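Novice: Fit chain B to the given chain A structure using the hints.
Respectively, the protein sequence lines represent chains A and B.
In terms of the working numbering, the first sequence is residues 2 to 277.
In terms of the working numbering, the second sequence is residues 3 to 348.
Hints in this document: simulated from the structure, not taken from any laboratory.
Keep in mind the model is a prediction, meaning the values are calculated, not measured.
Treat the hints with care, since some could be wrong.
Taking CB as the label site, the calculated pair distances span [what the hints assert, rightly or not]:
1. 154(A) / 305(B): 52 to 62 Å
2. 124(B) / 209(A): 37 to 47 Å
3. 138(B) / 98(A): 29 to 39 Å
4. 348(B) / 189(A): 23 to 33 Å
5. 334(B) / 154(A): 10 to 20 Å
6. 156(A) / 317(B): 29 to 39 Å
7. 218(A) / 334(B): 45 to 55 Å
8. 309(B) / 98(A): 31 to 41 Å
9. 45(A) / 120(B): 36 to 46 Å
Stretch by stretch, here's where chain A covers chain B in the computed footprint (C-beta under 8 Å, at least three residues) [claimed, not checked]:
10. 9-18
11. 189-195
12. 200-214
Don't be surprised by glycine CBs; every beta carbon is placed ideally from N, CA and C.
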Amino acid sequence: MPGPTANPILEIDGVTLAFGGVTALNGVSFEVAPGTITSVIGPNGAGKTSLFNTISGFYHPGAGHIRFRGDEITRLAAPLRAKLGLARTFQNIALFRGMTVLDNIKLGRHCHLHSGVLDALLYYGRARREEMRLRADIEERIIDFLEIDHIRNAPVAALSYGLQKRVEMARALAMQPQVLMLDEPVAGMNREETEDMARFILDVREEWGVTILMVEHDMGMVMDISDHVVVLNFGEVIAEGAPADVQADPEVIRAYLGSGNVAELRHRLRQAREAA
Amino acid sequence: MRIGSARETYSQDEALFDSHTKRVWLCVLGTGLVLFPFFAGQYWLYLACLVAINVASATGLNILTGYTGQVSLGQAAFMGVGAYAVAVLEKQLGTPVLLNLLCAGGAAMLVGLVVGIPSLRVKGLYLAIATIAASFILHFIFANWTRVTGGTAGLTVPPATIFGLALDTEFRLYWLIMPFTVLMLAGAANLFRTRIGRAFIAIRDRDISAEVLGIPLLRYKLLSFGLSSFYAGVAGGLWAYFFRSVTPESFPLLMSIFFLAAIIVGGMGSILGGILGAVFMTLVPEVLKLMVGWLPNASEAMVFLAPVRTIVFGALIVGFLIFEPHGLAEIWRRIRRFFHLWPFRS
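In isolation and in its complexed conformation, chain A is listed as follows (with noise of 0.2 Å):
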């Protein structure tokens, strides 16, 4: 699917963060397609966890646009953003430790639910019967999806770290989102959890329609399950497209391997000391 779409549901638009003098992101724009799953790559530093965090409403760019099916969502709060149908993982594992799995999952759909403090105090009525609407649905679209009714009401610290992941995609899922952003889903798994969680991310496309952008360093899961693939560099996309042609694409080689050439490292290092 290379090149723009004709009604992106993700749009980010010339996004530049600075933290300092560090410019974290230059400029950076691509587009996610409905339905496509979008995988960010690049060396570490490159700015892949800065751009999550500017999508999902962390940071906020000093220039640039990020639309949301087609609406300006650049100056948004985030917990506005995540009713508008952004989830999101993260890379070192955000659960609420003093919560169980049932709990942690039930909360992903907090701004979707109603019900008032009295009613909450009350626990009668409108509070009663959303709880159980959400319990329903919770256990029988998420928990038997996931395959995690073993450990529901364990709490989330006893969890092993695959498990955990498992969970945070869960709680993603449970905010009912349209497009889900995953921030290293596979980090430190095993092959066998790997090839799960990448099952998972399968399924959570096809079953729910749910468009997926996700950070990864596990190029052999990229290249199998992407749609398209973007590059970043040192805050800049360096190249994007299909699997196969980014793969190919030499600038991505030398952002990865170098290029073996030591006069080029020694005048790139020379430029970058002037820079200084």
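Specialist: Quick look at chain B alone, frame taken from chain A:
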């Protein structure tokens, strides 16, 4: 070994008291609370009322500090707002008791909301200092807004009157105080089965990712402050009806520390913890008094009661933080687990 507690519907699984055994014990406890005043003497009734008021206020603080993670040392001052509200309403307007108590909660809630505003920017220790500042400001207002609060002399409160019956004995007050506490406890327990309670816990555990999951931080922190001080306000109102005299010295900073100690000792982030902690901490000084009474030269030893009490409170806080950070509630859970598993050990 407990077996056969299978549940067939989601609402059975989500019930607060989800097993037959628990419901039986709850009935026993309820009956006990109803029969208690008919058998207990005046001293024990006095203690029961005091314990109930402290449980209500500690539960309020537990919502804010234990569940939402916002450390507050203003709980006693918020109680003071409630107590003064009841005193003023009762003296000046003579409005009905239930309305007065709700107004006491409402007044404390408004003050709590204002005190909670800095919580978006300041966290942990700094927030605690900000709430101490608020409690000194409130103390100053209690002492100096003479026209309303009666200045340092304070106000005397006429007895609460319901259907023409003056609640002027511990026996009668028990029937006002205990139901309020039970209702407030039920409300708090329900709260944490819904989206609002979950949002509070999420803010405590990871506030930044809570925001990305759709929880507006300021609104929910303020909500927590509001609820917590509403509880304090109602507890303060009951306190005013109980002691019938409200002065600026009735709600010192030490009392706020007492409530913080109660939830630490009982177990932060657990409704049962708030109850156990408040009961335990209220009874400790009484036990101390009893023990001092046994000493050979009791009247001389009484002089040291106040400082010894403070030392014991401090030692309890430190001891629990080191040896049992989840408090009495965790000890209780361990005991229950033992009986559930018996004769096996794990």
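Novice: For this structure, which hints from the list above don't hold up?
Specialist: none
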